[in-house]
Structures are given as C-alpha cells and as structure tokens.
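Residue numbers (my numbering), protein chains in the order written: chain A, 6 to 81; chain B, 2 to 137.
In short, the hints are calculated from the structure, not lab data.
Since the structure is predicted, the reported quantities are computational estimates derived from the model, not experimental observations.
Just to be clear, a hint being listed does not mean it is correct.
To be verified - Simulated crosslink set (DSS-like; lysine-lysine; CA at most 30 Å straight-line): (1) A:58 - B:54; (2) B:87 - A:31; (3) B:74 - A:50; (4) B:93 - B:72; (5) A:50 - B:87; (6) B:69 - A:31; (7) A:58 - B:75; (8) B:75 - A:50; (9) B:74 - B:54; (10) B:75 - B:87; (11) A:50 - B:124; (12) A:31 - A:57; (13) B:93 - A:50; (14) B:69 - A:50; (15) A:11 - A:81; (16) A:46 - B:75; (17) B:72 - B:124; (18) B:69 - A:57; (19) B:124 - A:46; (20) B:69 - A:58; (21) B:22 - A:50; (22) B:74 - B:124; (23) B:87 - A:9; (24) A:81 - A:46; (25) B:124 - B:93; (26) B:93 - B:54; (27) B:69 - B:124; (28) A:81 - A:31; (29) A:46 - B:54; (30) A:50 - A:11; (31) B:93 - A:81; (32) A:57 - B:87; (33) B:124 - B:87.
Below are the chains, spelled out letter by letter.
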Amino acid sequence: MTDKIKVDARGAFCPGPLMEMIAALKHMNVGDEIEIWSSDKGSAKDIPEWVKKVGHELVSNDEREGYWSIVVRKAK
Amino acid sequence: MPDQTPDRPLYILLCSGEHEKVQMAAMMASVAAVSNRAVEVFVSMNAIFAFRKDAAADQRYRGGDFSKILKDKKAPDALTLFEQGKELGDLKVWACSMALDVLHWEMENLAPGIFNEPLGLTKFLSDAEQGQFVTL
C-alpha cells in the first residue's frame with residue numbers, strides 16, 4: 006500500500022515549490038507518490054528536470070486553471 | 002535513466018551585499034545542492050552583513066528595484082534557502098576569516114544554522130580549482 010501526499014505550493018515563487026517537494030520526499034517511502042500544486046510557471050519544467058536528474062519518476066504534469074499539478078513517485 | 006555522471010562541484014564567491022545577488026546565490030546554491038551537486042559558498046565583504054544574526058529583513062536585505070519586488074511578493078527568504086540547501090543537499094557555507102577579523106565578529110555574530118566555519122580565501126580558491134566558479 007503506497008501513500009500519496011499532496012503539497013499545495015501555489016503562491017510560492019521559485020525555487021520554493023521544488024524545495025517544498027524535496028523536503029516532503031525526504032520523509033516518504035520508496036513507491037509513495039507526491040502531488041504538488043504550483044502556480045510558478047518554472048515549476049512545470051524545473052520539477053520534471055530535477056526528477057529526471059536524481060532518478061525519481063514523473064507520473065504526470067498537468068496544467069490546471071492557473072496552476073500545475075505535478076505527480077512524482079519516489080523511486081529510491 | 003537518471004544522469005549518473007557526477008557534476009563538477011559548484012563554488013560561489015559571494016561578496017556583494019545587494020539583495021538581488023544574495024538571493025541569486027541562495028537560489029543557485031540550494032537548487033544545485035539538492036540536485037546531487039556539491040556546492041560551497043564563500044561569504045565575504047558586504048555580503049557578510051546579510052548574514053548578521055537577529056537582523057530584521059529590511060536591514061538584512063538591501064538592494065534595488067528588484068529587491069523591493071522580492072520583498073513585496075514574499076519570494077523565498079535567501080537565508081532560508083541556504084538552510085534548506087544544507088539540510089537537503091551537500092552544501093557548505095564558509096565565512097571569510099578576514100571579514101570576521103576586520104569586523105571583530107565571531108561565528109556567534111552570524112545567523113545560526115548556515116555557516117560551517119570560518120575559512121581563508123587561499124583554501125577556498127585551492128579547493129575550487131576543480132569546480133565551476135561563480136562570483137556574485
């Protein structure tokens with residue numbers, strides 16, 4: 006059974022959403038997912054780039070009304 | 002597949018006390034450190050005043066037009082970013098020993114939780130020879 010954590014970082018500016026996500030990931034188990042909401046345009050590209058670089062898994066990256074919903078699975 | 006190639010360490014020489022430059026140093030250091038990259042920051046000259054213990058935000062960060070915007074929009078606090086970089090990544094922050102000497106400051110005069118220890122410029126430059134060097 007994996008958990009899914011939600012972090013609402015809307016209103017935070019770069020690199021706030023990324024740092025909030027990484028801080029939450031630190032306390033998660035491998036296989037758990039985190040959904041982060043960010044209104045910072047850069048996050049839609051920065052977070053997937055970070056995920057690719059460090060070896061986690063990007064599950065989804067969707068633009069909503071005025072923000073992005075990005076789901077990441079902790080892979081290690 | 003994640004990129005397994007180790008990145009060159011990033012060395013940031015932070016001399017300016019301008020808010021905008023302190024902010025950029027904090028952003029670069031924290032993001033690089035959480036991206037599996039070793040980062041070292043050497044803080045000297047006017048920049049050391051931004052790290053004064055117990056300073057109010059208006060005194061800590063002085064800059065130009067963009068500084069005002071950063072404050073108005075409540076952008077992430079630079080010192081908080083340095084703290085996060087240390088907590089979540091491989092980030093070392095050194096206080097210039099010369100700057101401390103001329104100010105008659107000790108480590109206790111600096112914001113806690115950020116600095117590793119005082120360091121001389123010669124040692125920092127020697128360590129930085131194999132890395133990417135940025136001056137702000």
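* Asked: Among all the numbered hints in the text so far, which are the ones the structure does not match?
  -> 1, 6, 11, 17, 18, 19, 20, 22, 27 and 29
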